[in-house]
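Keeping their order, the protein sequence lines are chains A and B. All residue numbers for the first sequence refer to our numbering, where the first residue is 797 and numbers rise by one. All residue numbers for the second sequence refer to our numbering, where the first residue is 2 and numbers rise by one.
If you are wondering where the hints come from, they were derived from the structure by calculation, not from laboratory data. Some clues are possibly wrong.
Pairs of lysine-lysine, DSS-like flavour, derived with a Cα cap of 27 Å [what the hints assert, rightly or not]:
| id | chain 1 | residue 1 | chain 2 | residue 2 |
| --- | --- | --- | --- | --- |
| 1 | B | LYS450 | A | LYS818 |
| 2 | A | LYS818 | A | LYS798 |
| 3 | A | LYS818 | B | LYS561 |
Only part of the chain A face toward chain B is listed, based on derived beta-carbon distances under 10 Å [claimed, not checked]:
| id | residue |
| --- | --- |
| 4 | PRO805 |
| 5 | GLY847 |
| 6 | TYR850 |
| 7 | PHE872 |
| 8 | ALA903 |
| 9 | ARG906 |
| 10 | ASN1003 |
Heads up, the beta-carbon is just placed ideally off N, CA and C, and yes, glycines get one too.
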Amino acid sequence: MKSAVVVFPGINRERDMTRALKLVSGREPAMVWHADTALPAGTDLVVIPGGFSYGDYLRCGAIAARAPIMDAVRGFAQKGGLVLAVCNGFQIACEAGLLPGVLMRNAQLRFICRDVYLRVERSDTPFTRGYNAGQVIRVPVAHGEGNYIADGETIARLEGGGRVVFRYSSPDGIVDPNWTHNGAMNAIAGIINARGNVLGMMPHPENHVEAAMGRTDGRGLFAGLVDHFKLAA
Amino acid sequence: MISNEPAITPELIAQHGLKPDEYERILKLIGRVPSFTELGIFSAMWNEHCSYKSSRIHLRTLPTKAPWVIQGPGENAGVIDIGDGLAVVFKMESHNHPSYIEPYQGAATGVGGILRDVFTMGARPIACLNALSFGDPKSPRTRALVAGVVAGIGGYGNSFGVPTVGGEVRFHRRYDGNILVNAMAVGLAAKDKIFYSAASGVGMPIVYLGSKTGRDGIHGATMASAEFGADAEEKRPTVQVGDPFSEKLLLEACLEIMAKGCVIAIQDMGAAGLTCSAVEMGAKGDLGVTLDLDAVPCRETGMSAYEMMLSESQERMLMVLRPEKEKEAEAIFRKWGLDFAIVGETTPTKRFVVRHGDAVMADLPIKELGDEAPLYDRPHVERAKQPVIDAASVVPPMPVAEVLEKLIGAPDLCSKRWVWEQYDHVILGNTVQRPGGDAAVVRINEGPKALALTSDVTPRYCEADPFEGGKQAVAEAYRNISAVGGKPLAITDNLNFGNPERPEIMAQLVGCIRGIGEACKALSFPVVSGNVSLYNETNGRAILPTPTIGGVGLLDEFTKSMTLAFASEGEAIMLIGETHGWLGQSLYLRDTCNREEGAPPPVDLAAEKRNADFVRGLIRDGLVSAVHDISDGGLLVALAEMAIASGIGAVLEAPSRLPAHAFWFGEDQARYVITARNSEPIAQRAKEAGVPFTRLGATGGRALALAGERPLSVDDLKARFERWLPAYMAGAV
């Protein structure tokens, strides 16, 4: 799996992401600078990691969505290339029109860093094939604006199309407002686009990939992607 | 020298915080009346913050050397050797006054400043800690200050991308009107690639890096209003505004030019900005410095020399560049979208010359600006010692079970989750132990080594007995690091006190420094960096003396780090260390008897060392399943914290002739609670090592069951532990 990690100024989880990608795929990802206009030839997976692109001084992700490299990312996605957008990456993907909806400030208006539980809604996507449908995983969140909101029609389309792939839940998989720390509609933690090749999610699977560090719940996402490309090859 | 600068009057001198005899000293030193800009430069260099004029002669007594110390105090941060060609760079610094005036920006720029101190030396920051002291929760501003400070720390650190892994939060009415925000940063560097601030070589370009200079943070902005400068622009408030995005870019750009070998010397612009950094680089290198202010990137037009020299705009650096690398360095800074300007050069004259337009605005002897700063041996008079309180004389106001319920949910002991959940504590993927334990544990690169990090002080002990309190602060840091399995290596000290011109306050400073020094010597735990914050008073009432100790320790194998949660049911619970039932200055006495009094617990440094070595040995050899240091609140509070963290209860006895309340809540030092499946080998080892060892009971069930007391449900204790702070912040209590 040949991955490319897009780095905008102010992105700060690119090291976490590259470490996880390398650990699971065995291959060092290429780092792509925001001012670049093309992705490395032969890229399988584009990753937009977390952070505070351009300081997030405007709406989160709004400036990054208009950076030179994003035309190449949009072109890549239009051709069916896989894009994984995490945290600030998810916000950027929404602002760039790759995914619908928007991430608002957390309902409690505070930044929250803690482990949360996610129910994996389906396992038949390239991003979730490493998990079983209905499985609950525990991964950290670290965001101030993770409260997913979209209009009723969009939500209906997402739900109807099975495009919500991760939902905040209790440890035993019950969806409950008490376990939705940021107030997201329908407890949405991660969605895919209609074509199924772009995933946006707020939590950080890249921070739970090493057994020696305590938990490996995030590993399945990367391992599933590696399998996907192996099968495709 | 300059026509439109104000005349130097006694009022102007006083507004600059210079005493008449200090001004006389300036006249003698330069042989003439200083210009307005020069007066500003002197006031910046000779204030307490930059010159340490009240504390310097006492700070010199602190032990600062050990075979593993690469750089002690006097640089941007301390540096220690951790093996494998790696060094740890760290320091703690206060941002107290700004945080009271504007809590979000004050705290944020405090974090920004300390991060800069660390990466200026070539280190990538890997962790932050924060020690926060707030006023009485009932005071009207406290809630807003907590909210603002915590949001500011998170806002800066989270965006910059460093995990904030630990710290302290306390409340006491003596911090009403004068909160403390002490920020610590820890970075990692290659041992042979540390960068220092001493310039070398004549005619070398001095480069300005980072954000533009504005009018924010100009010291003494109250003065000099309409009469200076033609355009009477509104002066910005004296609190700086932080920009973590620029700081992140500055970090990456600095590390990149350092790796490319472009840098001779580098210094961050912190307090007194351009003045302090330029003088320090020249003076340390025995060189003069000439600055051309026309080249300084400014955010606003019409800034005077005085304003530029005293601006404390954030996210700026000054650097002496290798001339042949100029183009390369500039290209790197342009790539990161940062300002890069050559603003001066080194000279052989040992003079600090500042030019602006066609005029020379300052021409001063550079060494004297720092070395000839006033040095005071201020009078200090110790207060009478407080009496030792006999535990038997303290009549328990309520049963033991009720005391625990009260203490565990009280502001000082309750869970600080509401605070640390606002800090990204997992970024970089190396946080082995998150906040809430004795010390945070942060893995180094891919391991196997890790750092143990803590910050500690018990201000009420320092108030009652500065010497013992100073010792205790160091001992507790030593204990917390040992409790997770770390070998304590070095500390940074952040000394927060009141007005040193008052002999009783000066005595607190002197006593605490003596205590810190004694403990550091006995524990081979040297001071490698620090900061002094004085004049923390409001309406003539000082804060509690608060010498915050930031400790760094090393674990050889991060997978062996020990936590405080009970590991499983049916394990033996043991107490290491001696219990005398010391109630003087205890939280028991304060929070349940309403008596904040008595002599604090004495610290036996030999016992601290012996017991810590013993506990560390148990951890290393895999003989224990949980370890917790005993501090505020005493033994039963420590046991409750272990139960709450695990959800597992315990059956406990008090094998002691002491009164129950003294046994369970006394705050004797040098103690740990440990658990193990098999207690026999530990008992044997303790006997051989001469370490006091007591069996307390066993883990199990869902309650703390004490002989003669009603059982306390762990779930209920946990609810009490977690309840207060969120409820308080929501305005519900």
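Hint check results:
For the hint pairing B:LYS450 with A:LYS818, the CA-to-CA distance comes to about 21 Å; that is within 27 Å, so the pair holds. Taking the CA atoms of A:LYS818 and A:LYS798, the gap is about 10 Å. The hint holds against a cut of 27 Å. Straight-line distance between C-alpha atoms of A:LYS818 and B:LYS561 comes to about 25 Å, which keeps the hinted pair within the 27 Å bound. Interface restraint check: A:PRO805 against chain B, minimum CB-CB distance 6 Å, threshold 10 Å, status holds.
Against a cut-off of 10 Å between C-beta atoms, the interface hint on A:GLY847 holds, since the closest Cβ of chain B lies about 6 Å away. At a threshold of 10 Å, the smallest CB-CB gap from A:TYR850 to chain B is about 7 Å, leaving the interface hint in force. Interface hint at A:PHE872: violated, since its Cβ lies 24 Å from the closest Cβ of chain B, which is beyond the 10 Å cut-off. Hint status for A:ALA903 relative to chain B: violated, with the closest Cβ pair at about 13 Å, above 10 Å.
Hint on A:ARG906 holds. Least Cβ distance to chain B is approximately 6 Å, under the 10 Å limit. Of the supplied interface hints, the one on A:ASN1003 holds, with its beta-carbon coming within about 5 Å of a beta-carbon of chain B, less than 10 Å.
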